[in-house]
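Colleague: Okay, here's what each chain looks like letter by letter:
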Amino acid sequence: MSAREQELILFELLGITPQALFGQLLIGLINGSFYALLSLGLAVIFGMLNIINFTHGAQYMLGAFAAFFLLEYAGLGYWWALIFAPVLVGITGVIIERLFLQWLYKLDHLYGLLLTFGLALIIEGTFRNFFGSSGLPYSVPSQLQGGQNLGFMFLPNYRGWVVVFSLAVCLTTWFVIERTRLGAYLRAATENPTLVRAFGINVPRMITLTYGFGVALAALAGVMAAPIYSVSPQMGSNLIIVVFAVVVIGGMGSIMGAIVTGFGLGLIEGLTKVFFPEASNTVIFIVMAIVLLIRPAGLFGRTA
Amino acid sequence: MKNLLRLIALAAVLASGAARAQYTDGIIKIGVMNDMSGTYKDLSGQGSVLAARMAVEDFGAAAKGMKVEIVGADHQNKPDVGSNVVRTWIDTDKVDVIVDVPTSSVALAVNEIVRDKNKVFLVSGAAASDLTGPQCTPNTIHWTYDTWALANGTGKAIVKTGGDTWFFITANYAFGLALERDTAAVVVKNGGKVLGQVRHPFPATDFSSFLLQAQASKAKVIGLANAGADTINSIKQASEFGIVQGGQSLAGLLVFITDVKSLGLQIAQGLVLTEAWYWDQNDANREFAKKFAAQNNGIYPSMVHAGVYSAVTHYLKAVEALKSDADGKAVVAKMKEMPTNDKLFGQGTVRADGRKIHPMYLFEVKKPSESKGPWDLYKLRATIPADEAFRPLSEGGCPLVNKS
Chain A
0 MSAREQELIL
10 FELLGITPQA
20 LFGQLLIGLI
30 NGSFYALLSL
40 GLAVIFGMLN
50 IINFTHGAQY
60 MLGAFAAFFL
70 LEYAGLGYWW
80 ALIFAPVLVG
90 ITGVIIERLF
100 LQWLYKLDHL
110 YGLLLTFGLA
120 LIIEGTFRNF
130 FGSSGLPYSV
140 PSQLQGGQNL
150 GFMFLPNYRG
160 WVVVFSLAVC
170 LTTWFVIERT
180 RLGAYLRAAT
190 ENPTLVRAFG
200 INVPRMITLT
210 YGFGVALAAL
220 AGVMAAPIYS
230 VSPQMGSNLI
240 IVVFAVVVIG
250 GMGSIMGAIV
260 TGFGLGLIEG
270 LTKVFFPEAS
280 NTVIFIVMAI
290 VLLIRPAGLF
300 GRTA
Chain B
0 MKNLLRLIAL
10 AAVLASGAAR
20 AQYTDGIIKI
30 GVMNDMSGTY
40 KDLSGQGSVL
50 AARMAVEDFG
60 AAAKGMKVEI
70 VGADHQNKPD
80 VGSNVVRTWI
90 DTDKVDVIVD
100 VPTSSVALAV
110 NEIVRDKNKV
120 FLVSGAAASD
130 LTGPQCTPNT
140 IHWTYDTWAL
150 ANGTGKAIVK
160 TGGDTWFFIT
170 ANYAFGLALE
180 RDTAAVVVKN
190 GGKVLGQVRH
200 PFPATDFSSF
210 LLQAQASKAK
220 VIGLANAGAD
230 TINSIKQASE
240 FGIVQGGQSL
250 AGLLVFITDV
260 KSLGLQIAQG
270 LVLTEAWYWD
280 QNDANREFAK
290 KFAAQNNGIY
300 PSMVHAGVYS
310 AVTHYLKAVE
320 ALKSDADGKA
330 VVAKMKEMPT
340 NDKLFGQGTV
350 RADGRKIHPM
360 YLFEVKKPSE
370 SKGPWDLYKL
380 RATIPADEAF
390 RPLSEGGCPL
400 VNKS
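Residue numbers (numbering that gives the first Met the number 0), protein chains in the order written: chain A, 0 to 303; chain B, 0 to 403.
One should not assume that every hint holds.
[Unchecked claim] Anything over 10 Å on all C-beta distances counts as not near chain B; from chain A, calculated:
#: 1; residue: F83
#: 2; residue: Y104
#: 3; residue: D107
#: 4; residue: T125
#: 5; residue: A167
#: 6; residue: I200
#: 7; residue: M234
#: 8; residue: G263
#: 9; residue: T281
[Said to hold, decoys possible] So, partial list: chain A residues that the calculated Cβ filter (under 10 Å) puts toward chain B:
#: 10; residue: T16
#: 11; residue: R127
#: 12; residue: G134
#: 13; residue: S229
Just so you know, these hints were derived from the structure itself, not from any lab.
Quick reminder that beta carbons are idealized off the backbone N, C-alpha and C, glycines included.
Make the full structure from the sequences, and use the hints.
Modeller: In structure tokens form, the structure reads like this:
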């Protein structure tokens with residue numbers, strides 16, 4: 000029996016054609032890119048500020064709403080929103096950090112968690128009050144409408160763009176933090192702020208901007224989600240728990256861990272949707288439980 | 000003459016006094032429970048509380064000496080949360096009637112509790128036809144629509160126009176499964192075939208994987224046996240994946256007006272759907288809708304809201320006739336005995352199994368060019384007469400029916 004025949008038999012046993020399987024894997028990768036982008040922001044914030052940012056889902060939602068507002072009231076389309084929405088939401092992040100978070104660094108993690116969780120509830124509740132829960136329409140930019148027939152599946156151009164763009168953003172962020180001088184300052188400031196300050200570096204400002212950057216990443220993911228998921232106040236809370244699981248599996252604060260697990264879990268979830276769709280929203284937590292049993296610090300985490 | 004008037008006035012006072020004494024703790028308390036924060040908020044939510052309040056006002060309860068109070072609660076689409084709320088309401092807050100309750104899994108749980116406590120349950124938001132089938136109780140009336148009526152309306156219309164092979168994308172809980180079951184039966188009965196189905200967790204965000212499986216099935220029609228944000232996302236993403244351009248068509252088996260509004264006509268145009276009520280059907284509906292929207296952030300009423308209005312109106316009539324709200328079974332029996340008549344649903348009846356009977360309507364979503372206003376969304380394709388709109392009494396398997 001040739002290898003090819005064996006392969007065919009294998010697929011037959013699984014009850015799925017190879018085409019369908021490739022299609023599902025690609026879909027998983029697309030969803031994974033959202034997980035990666037969101038968990039990246041969380042990992043940056045936790046790694047640098049030691050804050051468990053529960054507002055992340057709400058900030059993702061704010062990004063999508065910002066895109067909607069820019070189009071509705073300023074006539075600025077998707078491409079502008081990709082730049083402006085993260086900046087605007089990032090600024091709100093800076094304000095939150097200055098007003099609240101900066102007082103919490105010395106306290107237990109729990110305080111930051113409670114504060115950000117409360118903020119998330121307030122933001123989501125406010126939006127729900129004014130915009131309802133059905134969601135607002137936002138369409139795919141004209142340049143990315145349509146799709147490619149890949150033979151095994153029809154790939155909408157927009158989804159292809161999402162994978163490529165988010166991969167680029169993730170890798171750039173990883174590079175900046177792990178491989179540049181700026182990143183070295185940041186990491187040093189987390190380890191020993193007093194010493195870094197002694198070198199003449201404004202540590203508090205750096206921390207503020209880092210939080211703003213993490214929040215901007217969430218908003219960026221929100222803008223990218225706006226054309227494919229409906230722009231609704233609860234869009235973030237549906238996703239945030241999964242994203243937290245991703246961060247925990249990857250190892251809290253590990254940048255590369257967040258990226259790799261984000262994409263990886265997207266793939267696993269994609270496969271579950273084919274073989275046992277009913278379990279597709281639990282599979283990530285099963286993986287999390289197993290990983291925590293074997294490696295309590297996460298796959299890429301450094302044990303303290 | 001003067002004496003006669005005085006006598007009538009005295010009689011009225013005495014009658015209302017006597018009546019008031021019969022109401023449990025002197026107050027008729029209406030509990031509106033639904034999703035106030037999640038995916039079904041816009042189609043039920045605070046709007047249903049508002050609709051109940053409008054019904055009480057229009058009924059003129061205060062002038063008739065009936066003291067009516069309305070309370071609202073959020074069940075978060077969770078059967079355990081809903082059960083707890085209803086138990087507290089009935090045991091400590093003296094609530095007499097539970098209204099609305101979308102999300103069939105919650106409604107089925109509440110159904111049991113209300114029967115045990117002998118109160119009244121008026122379902123507007125939930126869809127599972129089991130509520131008047133095997134799970135029917137002498138305390139429950141299913142008012143606005145159900146999965147059988149939706150399947151019968153939309154399913155039949157589509158099979159008759161050539162959509163004879165189906166694949167279902169189903170929300171994996173009581174409602175989705177009931178809707179899939181009822182629609183599949185209609186498809187098969189009318190000569191169609193079901194090629195397969197996929198069940199997604201509720202709620203879900205990304206449907207691309209499920210849509211891809213539906214695409215691979217090569218079925219002519221993809222039936223969406225889900226609701227609210229799930230349906231919106233399914234339709235939105237189907238358009239992205241070129242499902243309709245690829246020659247398959249979508250059947251939204253439960254689509255509310257708020258969903259169409261959220262999708263926008265550009266994406267939703269041409270969608271065929273079944274509803275029990277639409278605001279732009281006649282003057283009474285339009286007047287109600289305008290008054291409702293003015294107090295509801297400009298959001299127009301869905302059929303669920305209209306159903307709450309109609310159900311509460313009929314409940315108050317029955318309680319007024321009985322002069323008592325104490326015995327839930329007796330109130331429901333009275334509601335079944337009296338013909339229904341209100342400004343939104345017109346004349347109708349309540350059947351022995353608890354099914355409220357009225358016509359259903361098959362609508363098509365307008366093209367953007369046909370729409371004259373932000374809420375001008377549907378055009379009527381067909382009216383399904385009352386005697387054909389719901390499952391025949393004999394086929395439901397309701398134990399109440401076999402007894403008589």
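Colleague: A separate judgement is required for each hint: does it hold in the structure or not?
Modeller: To see whether the hints hold, each was checked on the structure:
With 10 Å as the threshold on Cβ separation, the claim that F83/A sits away from chain B holds: the shortest Cβ distance comes to roughly 23 Å. No beta-carbon of chain B is positioned within 10 Å of the beta-carbon of Y104/A; the least distance is around 32 Å. With a least CB separation of 30 Å from chain B, D107/A remains clear of the 10 Å interface cut-off, as annotated. With a cut of 10 Å on Cβ distances, T125/A stays outside the contact zone with chain B, its closest approach being about 12 Å.
A167/A, annotated as away from the interface, keeps every beta carbon of chain B farther than 10 Å; the closest lies near 21 Å. With a least CB separation of 41 Å from chain B, I200/A remains clear of the 10 Å interface cut-off, as annotated. Against the 10 Å criterion, M234/A falls within the reach of chain B, whose nearest CB is about 7 Å from its own CB. Under the 10 Å C-beta cut-off, the non-interface status given to G263/A relative to chain B holds; the minimum distance is some 16 Å.
Separation of T281/A from chain B is inadequate, the least Cβ-Cβ distance of about 8 Å not exceeding the 10 Å criterion. At about 8 Å, the closest approach between the beta carbon of T16/A and any beta carbon in chain B falls short of 10 Å, and the interface hint on this residue holds. The criterion of a C-beta within 10 Å of any C-beta in chain B is met by R127/A, whose closest approach is roughly 6 Å, and the hint holds. Contact between G134/A and chain B, as hinted, is supported at the beta carbon level, the nearest pair being about 5 Å apart and thus within 10 Å.
A hinted interface residue such as S229/A counts as satisfied when its beta carbon comes closer than 10 Å to some beta carbon of chain B; here the least separation is about 5 Å, so the hint holds.
Comparing the model with each earlier hint shows violations of hints 7 and 9; every other hint is respected.
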